[in-house]
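2 protein chains.
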Amino acid sequence: MSTAQLPTLNDRLALSRLISEVENGSQEGQTALEACFPRSGKAHLIGVTGASGAGKSSLVNRITQLIRREKQRTVAVVAIDPSSPFTGGAILGDRVRMRDLAGDPGVFIRSMASRGELGGLAHTTAGVVQVLDAAGFDLVLVETVGAGQSEIDIARLAHTTVVVESPGMGDDIQAIKAGILEIADILVVNKADLPGIENTERALRANLELGYNGYLSEKTGHGGFSGSDRKKETDVWMQPVIKTIATEESGVPEVIKAIDDHRDYLKKTGLLELRDRERLKDEFDRVLRHALMENWKKNCRAEDVERLMEEVFARKRSPSNAVNELLK
Amino acid sequence: MSTAQLPTLNDRLALSRLISEVENGSQEGQTALEACFPRSGKAHLIGVTGASGAGKSSLVNRITQLIRREKQRTVAVVAIDPSSPFTGGAILGDRVRMRDLAGDPGVFIRSMASRGELGGLAHTTAGVVQVLDAAGFDLVLVETVGAGQSEIDIARLAHTTVVVESPGMGDDIQAIKAGILEIADILVVNKADLPGIENTERALRANLELGYNGYLSEKTGHGGFSGSDRKKETDVWMQPVIKTIATEESGVPEVIKAIDDHRDYLKKTGLLELRDRERLKDEFDRVLRHALMENWKKNCRAEDVERLMEEVFARKRSPSNAVNELLK
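Keeping their order, the protein sequence lines are chains A and B.
Numbers in the working numbering are just positions in the first sequence, counted from 1, shifted up by 3.
Numbers in the working numbering are just positions in the second sequence, counted from 1, shifted up by 3.
For reference, chain A alone in the conformation it holds in the complex (with noise of 0.2 Å):
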C-alpha cells in the first residue's frame, strides 16, 4: 500500500476515517491494520477502567490536560461506552469530553459504542488502539465502563492500568468482589471530597494488604510479601493508592507520575516487552482461531452440518457430539 495510507497525527480527518474503516472491519480498515502494524509498539498504553459514576470520564479529561501542559507529550483517548444503539451515547459523549480539549493539535479523542459479539469489542479496540500507537501518540489512554470481562481484556490490552473507584458506589463488600485488585497497577480513589472517602481507601489498601500477603503474580509482577519478609524491592511494583479530585485536579500529577513510573518499572523489569508478547500472541490465536473456522466453512457439507443440527436442538445428540461426527 502507499504510505499516503498511513496514519499521522497531522491529518485529523483521515485518521478518524481511517479508524472508522477499522471499527466496521472493511476491507480498507484491514490493509490499514497491516500498513500500521511494523510503525505501533512505541507508545504507552493506558487502561482506565472502573464502575459507571466514578468520575472515569472527568480523570481521563483532568489528566490529557495535565500532560499537555505540563509535558510535551502526545496523547489520544478512546473511549468506550457500551451504548445502546437508540440512545446515541457514544456522539454525546464524544462532545462532552471535546469541550475542555478542543482545539489541540497534540490531542485525539474517540469514542466507540460497543456492541454485543464476544470478544468483539476487544478486538475492534485493539485495532483502534494500533492505528493511534502508529501515528505516533505517545500515550493512548482506553477509558472502559463496567466490571468483568471488559476490565479484563483491556488490563491485557494494556501497559499500565488504572483502576478508578469512588466512595459510595455500594458497600465495601461489593467492592470487594470487584476482584480488580488484581488488574490494577495503580489504583485510584475520586471524588476524594466526598463523605466515605475514608472506609473506601482504607477497604482497597486492606485488600491489598492481603493480596501482597497471599498472593503473587509472575505476569503482573505484583509483589507476594510474608509478614516477616516486607520491605519495598525494587523489582516489585506495589500499587499505589492515590486520591484524587478529578473536577479540581487535586491528585491528578500523582496519577500522572505514577503512570510514567509504571512505565520505567516495566522497561526496566522486562515486562513491557513480556506484556507486549503476551498481546501479539493473543492476535495471533484470535486469528488462527477465525481462519481455521473460515476454512472449515468452505469444506463441510451444509446438508451434514443442518442434519446434525436438527438432532442438537432435539437434544438426541449433544453439540459436543455433533462436533465430533463433523470431523471425523
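Please note that a few of the clues may not be correct.
When chains are identical, the list treats them as one kind, so a pair holds in a single copy or across two.
As the list claims (entries may be wrong) - Only pairs whose alpha carbons sit at most 27 Å apart, straight line, appear in this in silico DSS-like list of lysine-lysine:
#1 319 <-> 284
#2 319 <-> 270
#3 284 <-> 300
#4 319 <-> 45
#5 301 <-> 284
#6 271 <-> 319
#7 45 <-> 260
#8 331 <-> 284
#9 246 <-> 260
#10 45 <-> 271
#11 271 <-> 284
#12 270 <-> 45
#13 300 <-> 319
#14 284 <-> 45
#15 331 <-> 301
#16 284 <-> 270
Keep in mind that the hints were calculated from the coordinates and are not lab data.
Could you slot chain B onto chain A? The hints should help.
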C-alpha cells in the same frame, strides 16, 4: 455412563461435587455434561444482572423465598462473583446468601468465582446451569455482577433477563449509557425507598419509550411502535418497570409474576424454542472452534510457529500475515 452419575435434587453433596468438576473442566465434568444434556431444556433460566450495589443479591434472595413460600417450584441460584482469589469473595457470598434459605431442600445455591479467560465464564456458567436444569430445578437464577459483556453473555444464556437498577448508582446519563435496556425483559428499580427513585424510574421509562419508537428487535421480540401505532399487542413483550424494596419484599411478588408472564409469552410466541436453538448453536460453534484449534495444534510444526512468532514479536510480520503463512 451409569445413571448414578446423573445429578438429582436430593443428593446435594453429589450435585455440588459434579458442579465442581464442571467448573474445573475435568474429564468427569465433561462426561457428566454429556449425560445431562438429553435431560436438560426444561428449567426456566433467569438472568439477574445490573451494576454492583443495586441490590441484586437481596432481590434474588427474596424471589427465591417467595417462590418457595407461595408455589411448589424448586429454585437453583448461581451467583457469579468476579472475585479475587485472595479475598475469598465467593465463599463469603455463599455464607451470606445461604443464611435465609438454609435447610430448604427445594433450594440450591452456588457461588462461582469468575476467572480471566475470555468467554470462559459464559461457557462454565452454561455447563453449571445445564447440570442444575438436568437435576430437575424448575427455575435457575443466574446472578451476575457488572456491566457490558458479561450481561450480554448472560442474556444469551437466559430465557428471561431481569435488569436491576437503583437510585444513586451514578447520574442518569450513566444509566442510559449502560445499554442494558436492549437485553432487559424485566426492569427492576430496587431500593424504592431511597431518594431519587422517581428520577431513576423516569429515566428508564423515557429510554424504553425511545426504544419502542425507534427500535425493533426480532430476536428479543421487544416492541417497535411508531407514535401513531401505539397499542398493546399480545405478541409483543412490553418490558415492565417494577419498583421494589427487596429488603422488605415490596414489589417482589410483581417481579415473580412478570417472570412467569414472560415465560408464557415466550412459549406462546415460539421464542422459547428459538432462544433455545440459538443457545445450542452458540455452544456448537464454541466446541467446533476449540476442536479445530486442537486439531491444528496436533498437526502443525512447532518450529515453524516459533520462527514466525519471533518475526511477529520483532514486528517484521503481522499476526494475520503469520497465520496466512502457516495455513498455506
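(message) If the cut is 27 Å between Cα atoms, do residue 284 and residue 300 qualify within a copy, between copies, both or neither?
(response) Answer is both: 24 Å inside a copy and 14 Å across each meet the 27 Å cutoff.
(request) With 27 Å as the alpha-carbon cut-off, assign the pair residue 301 and residue 284 to within, between, both or neither. (result) This pair counts as both: shortest intra-copy Cα distance 26 Å, inter-copy 18 Å.
(request) Up to 27 Å between alpha-carbons, please classify residue 319 paired with residue 45: within, between, both or neither. (result) Answer is between: at 15 Å across copies they meet the 27 Å cutoff, but 54 Å inside does not.
(message) Reference check for the pair residue 271 and residue 319, CA-CA at most 27 Å: within, between, both, or neither?
(response) The answer is between: 24 Å across copies meets 27 Å, while 58 Å in one copy does not.
(message) When Cα atoms must be at most 27 Å apart, do residue 284 and residue 45 count as within-copy, between-copy, both, or neither?
(response) within (18 Å within a copy, 41 Å between copies)
(request) Please work out whether the CA atoms of residue 45 and residue 260 approach to 27 Å or closer within one copy, between two copies, in both situations, or in neither? (result) Answer is within: at 19 Å inside a copy they meet the 27 Å cutoff, but 56 Å across does not.
(request) Have a look at residue 45 and residue 271 and pick one of within, between, both or neither, based on CA distance no larger than 27 Å. (result) Within one copy only: 16 Å inside a chain, 57 Å across chains, cut-off 27 Å.
(request) If the cutoff is 27 Å on CA atoms, where do residue 300 and residue 319 land: within, between, both or neither? Let me know, please. (result) within (24 Å within a copy, 30 Å between copies)
(request) Classify it for me, residue 284 with residue 270: is the Cα-Cα distance of at most 27 Å met within a copy, between copies, both or neither? (result) within (19 Å within a copy, 45 Å between copies)
(request) Measure nothing new, just compare the shortest in-copy and cross-copy C-alpha distances for residue 319 and residue 270 to 27 Å and report within, between, both or neither. (result) between (55 Å within a copy, 21 Å between copies)
(message) With identical chains, the pair residue 319 and residue 284 could be close in the same copy or across copies; at 27 Å between alpha carbons, which is it: within, between, both, or neither?
(response) Only across copies: residue 319 and residue 284 sit 14 Å apart there, 38 Å inside one copy, limit 27 Å.
(message) Regarding residue 270 and residue 45, is the shortest C-alpha distance of 27 Å or less found within a copy, between copies, in both, or in neither?
(response) Within one copy only: 12 Å inside, 55 Å across.
Violated hints are absent here; each numbered hint is respected by the structure.
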